[in-house]
Amino acid sequence: MSVASSIDVRHLRKVYGEVVAVDDLTFAVPRGAVLGLLGGNGAGKTTTISMLLGLLEPTAGEIHVLGVDMLRSRYAALPRMNFSSPYVDLPHRLTVRQNLQFYGRLYGVRALHRRVEEIAEHMQVAEFLDRQTGKLSAGQKTRVALAKALINKPDVLLLDEPTASLDPDTADWVRTYLKDYQAETHATILLASHNMSEVERLCDDVVLLQAGRVFERGSPRELIERFGREDMEQVFLDMARGRGHGFESLRKNEAAQ
Amino acid sequence: MSGSIDRIYALVLRHVHIWRSSVIRLVDSVYWPAVQMFMWGFLTQFLRPQVSFMAQAAGILLSGLLLWEVVVRGNLSLSIAFMEEMWSRNLGHLFVSPIRSWEMATGIIIVALLRSLLGLVPVSLMAWAFFGFSIYSLGLPLIAFFLILQMFSWSVGLAMSGLIMRVGQSAESFAWAAVFILMPISGVYYPISVLPYWLQPFAYVLPTSYVFEGMRSILLEHSAQWHLLGLAFVLSAVYLVIGFQVFLWFFRSSRRAGSLLTQGE
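Chains as they are written, first to last, in the numbering used here: chain A, 1 to 257; chain B, 258 to 522.
It should be emphasised that the hints constitute simulated quantities derived from the structure, not laboratory data. Check before you lean on any hint, since a few could be wrong.
In the SDA-like style, the derived pairs of lysine to any residue whose C-alpha atoms are separated by at most 25 angstroms in a straight line are [as the list claims (entries may be wrong)]: (1) Lys135(A) - Ile281(B); (2) Lys135(A) - Arg277(B); (3) Lys135(A) - Leu270(B); (4) Lys135(A) - His274(B); (5) Lys179(A) - Lys135(A); (6) Lys135(A) - Glu121(A); (7) Lys153(A) - Glu360(B); (8) Lys153(A) - Ser259(B); (9) Lys135(A) - Val498(B); (10) Lys135(A) - Ser261(B); (11) Lys153(A) - Arg346(B); (12) Lys153(A) - Leu351(B); (13) Lys153(A) - Ser261(B); (14) Lys153(A) - Pro355(B); (15) Lys153(A) - Gly260(B); (16) Lys135(A) - Val273(B); (17) Lys135(A) - Ser279(B); (18) Lys135(A) - Ser259(B); (19) Lys135(A) - Ser278(B); (20) Lys153(A) - Arg277(B); (21) Lys135(A) - Leu283(B); (22) Lys153(A) - Arg131(A); (23) Lys153(A) - Ser279(B); (24) Lys135(A) - Thr363(B); (25) Lys135(A) - Ile262(B); (26) Lys135(A) - Glu360(B); (27) Lys135(A) - Trp276(B); (28) Lys135(A) - Val280(B); (29) Lys153(A) - Trp344(B).
Here are some chain B residues the structure puts well away from chain A; computed CB gaps all over 10 angstroms [unchecked claim]: (30) Tyr266; (31) Leu270; (32) Arg271; (33) Leu300; (34) Phe352; (35) Val353; (36) Ala386; (37) Leu420; (38) Tyr461; (39) Glu470; (40) Leu486.
Idealized CB from N, CA, C, for every residue including glycine.
Could you put the whole structure together from the sequences, leaning on the hints where they help?
Written out as structure tokens, the structure is:
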């Protein structure tokens with residue numbers, strides 16, 4: 001595995017019965033880079049993130065995060081990782097402060113009370129700290145979930161649709177925050193998103209997944225040029241629908257090679 | 258080690274916060290044991306003047322009931338503590354955090370113990386207040402009884418929590434009922450010798466049987482059979498290890514099948 005890589009995935013495969021969810025997936029994310037994982041529904045994004053986190057056991061393949069073999073000793077890496085997903089809730093009955101303190105303790109955060117105040121201030125949830133999490137709006141919950149994901153200042157951050165259900169203004173603010181956080185801490189971020197402008201803005205590199213396999217990989221600019229399109233939205237549509245000018249020229253290039 | 262203690266403390270504190278935010282969640286811990294206690298308490302009062310055995314050992318039914326509730330409440334409390342995480346769709350966050358399986362099990366065992374005490378201590382005081390019966394008259398062996406029964410109930414609760422994690426919330430009703438299958442062969446209200454011969458060996462591999470036999474020995478013969486309680490303690494410890502291993506087995510199976518991703522749905 002490359003020493004410079006924070007995340008190194010090799011020949012990852014996940015099979016449910018006869019359904020192949022992820023097939024021979026190989027990619028690496030250098031330290032301090034932001035990788036976008038794109039694909040339609042069922043392309044294998046969530047399955048891949050779940051395997052990276054240890055929620056799901058691969059059928060075959062290797063996963064190294066921060067140099068740690070995640071299939072053998074994931075607890076060595078987990079304190080330096082975190083994740084956020086709109087599909088996994090925080091306990092509704094607990095206040096925002098109690099939730100952040102709970103996860104802060106699980107992740108062994110030092111000077112926890114100060115850190116909770118600090119991250120709440122950064123994520124603009126300080127005024128809700130003593131409100132029950134279940135009583136917040138969807139946008140507020142997403143910001144609290146991000147605060148939880150950043151409570152331990154992770155070196156590797158896995159984000160599944162981080163701006164889902166946020167209004168454009170708040171979503172823009174979150175993207176700016178993530179960009180600043182990444183620049184400041186040199187954290188490695190793996191981002192699964194359906195928002196193509198978000199991907200263009202945040203990601204250094206993008207892996208396009210289709211039916212559990214890597215369809216294309218490159219920076220957003222490279223992919224746009226390769227597909228002969230104007231933006232990632234069009235690239236995504238070409239891939240998802242298997243048609244379009246970009247897709248055809250890509251096939252021709254592949255055939256020529 | 259201090260990291261483990263911090264994580265276990267965090268898990269216990271989280272449940273205490275939930276109880277404080279919704280006291281109604283604790284009501285069932287008192288409600289059902291209290292209903293049972295009143296029913297058996299009145300029955301005892303009715304039978305006491307008419308049956309000589311009841312006059313001799315009026316406390317046997319209530320003692321049996323209260324000690325059996327230790328098993329039921331222990332199992333339920335542990336299963337509920339685990340399911341709280343599922344109901345709030347929080348398992349995903351927990352399982353990708355640095356908390357280890359044994360720390361999680363220890364945390365929910367402590368939560369289950371607190372919840373059992375919160376339910377059973379008030380009911381035992383009610384039995385004393387309304388029927389003049391004190392379970393505490395069992396003396397020092399009561400602590401051994403409680404510990405043995407709690408440990409055994411945790412083993413069932415851990416196995417059931419694992420099953421629910423693997424199969425989903427459709428297995429909830431089974432988790433509630435699982436422990437009751439052991440009631441007829443545990444000799445809660447009658448001696449094991451009453452059971453058919455072929456069933457008695459099954460009774461003697463359950464620590465519960467020794468506790469209820471021990472309880473009757475104290476109430477009827479005023480003697481504590483410590484060697485049998487020692488055996489029951491060892492059996493409970495073995496069951497607890499087995500229960501945890503079953504939980505881990507279901508956890509690994511859930512990771513393979515992907516059922517951790519769909520919890521709460």
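Hint-by-hint comparison with the structure:
Straight-line distance between C-alpha atoms of Lys135(A) and Ile281(B) comes to about 19 angstroms, which keeps the hinted pair within the 25 angstroms bound. At roughly 17 angstroms between alpha-carbon atoms, Lys135(A) and Arg277(B) fall within 25 angstroms of each other, so this suggested pair holds. Only pairs whose Cα atoms come within 25 angstroms are accepted, and Lys135(A) paired with Leu270(B) is accepted, the gap being roughly 21 angstroms. A distance of roughly 16 angstroms separates the Cα atoms of Lys135(A) and His274(B); the hinted pair therefore holds under the 25 angstroms criterion.
Note on Lys179(A) and Lys135(A): the hinted pairing is violated, with a Cα-Cα distance of about 29 angstroms set against a maximum of 25 angstroms. With a C-alpha separation of about 19 angstroms, the suggested pairing of Lys135(A) with Glu121(A) holds against the 25 angstroms cut-off. Between the alpha carbons of Lys153(A) and Glu360(B) the distance comes to roughly 23 angstroms, so the proposed pair stays at or under 25 angstroms and holds. Restraint check: the Cα-Cα separation between Lys153(A) and Ser259(B) comes to about 21 angstroms, which is no more than 25 angstroms; the hinted pair holds.
Restraint check for Lys135(A) and Val498(B): not satisfied, since their Cα atoms lie roughly 40 angstroms apart, outside the 25 angstroms limit. For the hint linking Lys135(A) to Ser261(B), the alpha-carbon distance of about 31 angstroms lies beyond 25 angstroms, and the restraint is violated. Proximity of Lys153(A) to Arg346(B) is assessed by CA-CA distance (about 24 angstroms); at most 25 angstroms being required, the pair is judged to hold. Proposed proximity of Lys153(A) and Leu351(B) is supported: the alpha carbons are some 17 angstroms apart, at most 25 angstroms.
Of the pairs offered as hints, the one joining Lys153(A) and Ser261(B) holds, with about 20 angstroms between alpha carbons and a cut-off of 25 angstroms not exceeded. Only pairs whose Cα atoms come within 25 angstroms are accepted, and Lys153(A) paired with Pro355(B) is accepted, the gap being roughly 14 angstroms. For the proposed pair Lys153(A) and Gly260(B), the alpha carbon gap of about 17 angstroms is at most 25 angstroms, so the pair holds. At roughly 19 angstroms between alpha-carbon atoms, Lys135(A) and Val273(B) fall within 25 angstroms of each other, so this suggested pair holds.
Proximity of Lys135(A) to Ser279(B) is assessed by CA-CA distance (about 14 angstroms); at most 25 angstroms being required, the pair is judged to hold. Only pairs whose Cα atoms come within 25 angstroms are accepted, and Lys135(A) paired with Ser259(B) is rejected, the gap being roughly 34 angstroms. Straight-line distance between C-alpha atoms of Lys135(A) and Ser278(B) comes to about 13 angstroms, which keeps the hinted pair within the 25 angstroms bound. Taken as a hint, the Lys153(A) and Arg277(B) pair is broken in the structure, with Cα atoms around 30 angstroms apart against an allowance of 25 angstroms.
Distance hint between Lys135(A) and Leu283(B) is fulfilled; the C-alpha atoms sit about 22 angstroms from each other, no more than 25 angstroms. For the hint pairing Lys153(A) with Arg131(A), the CA-to-CA distance comes to about 24 angstroms; that is within 25 angstroms, so the pair holds. Of the supplied pair hints, the one linking Lys153(A) and Ser279(B) is violated, its CA atoms being roughly 32 angstroms apart against a limit of 25 angstroms. Simply put, Lys135(A) and Thr363(B) have alpha-carbon atoms about 30 angstroms apart, too far for the 25 angstroms limit, and the pair is violated.
Of the pairs offered as hints, the one joining Lys135(A) and Ile262(B) is violated, with about 31 angstroms between alpha carbons and a cut-off of 25 angstroms exceeded. Between the alpha carbons of Lys135(A) and Glu360(B) the distance comes to roughly 30 angstroms, so the proposed pair goes past 25 angstroms and is violated. Between Lys135(A) and Trp276(B), the direct Cα distance comes to roughly 17 angstroms. Compliance with the 25 angstroms bound is thereby established for this hinted pair. A threshold of 25 angstroms between alpha carbons decides the hint, and for Lys135(A) with Val280(B) the separation of about 18 angstroms falls inside it, so the pair holds.
Restraint check for Lys153(A) and Trp344(B): the C-alpha separation of about 28 angstroms exceeds 25 angstroms, so the hint is violated. For Tyr266(B), the requirement that its beta carbon stay farther than 10 angstroms from each beta carbon of chain A is not met, with the minimum near 7 angstroms. For Leu270(B), the non-interface assignment is contradicted: its Cβ lies about 7 angstroms from the closest Cβ of chain A, within the 10 angstroms cut-off. A Cβ of chain A approaches the Cβ of Arg271(B) within 10 angstroms, the least distance being about 5 angstroms, so the stated non-interface status is violated.
Non-interface call for Leu300(B) relative to chain A: holds, since the shortest CB-CB distance, roughly 39 angstroms, exceeds 10 angstroms. Residue-level check failed: Phe352(B) sits 6 angstroms from the nearest beta carbon of chain A, not beyond 10 angstroms. Under the 10 angstroms C-beta cut-off, the non-interface status given to Val353(B) relative to chain A is violated; the minimum distance is some 4 angstroms. The beta carbon of Ala386(B) sits about 33 angstroms from the closest Cβ of chain A, which is more than 10 angstroms, so the claim that it is off the interface holds.
The Cβ of Leu420(B) sits about 19 angstroms from the closest Cβ of chain A, beyond the 10 angstroms cut-off, so the non-interface label holds. Even its closest Cβ contact with chain A, about 39 angstroms, leaves Tyr461(B) beyond 10 angstroms, as expected for a residue assigned away from the interface. The non-interface label for Glu470(B) is consistent with chain A: the shortest C-beta to C-beta separation is roughly 42 angstroms, beyond 10 angstroms. At roughly 37 angstroms, the least C-beta separation between Leu486(B) and chain A is larger than 10 angstroms, which holds for a residue marked as non-interface.
Violation of the numbered hints given earlier is confined to hints 5, 9, 10, 18, 20, 23, 24, 25, 26, 29, 30, 31, 32, 34 and 35; the remaining hints are satisfied by the structure.
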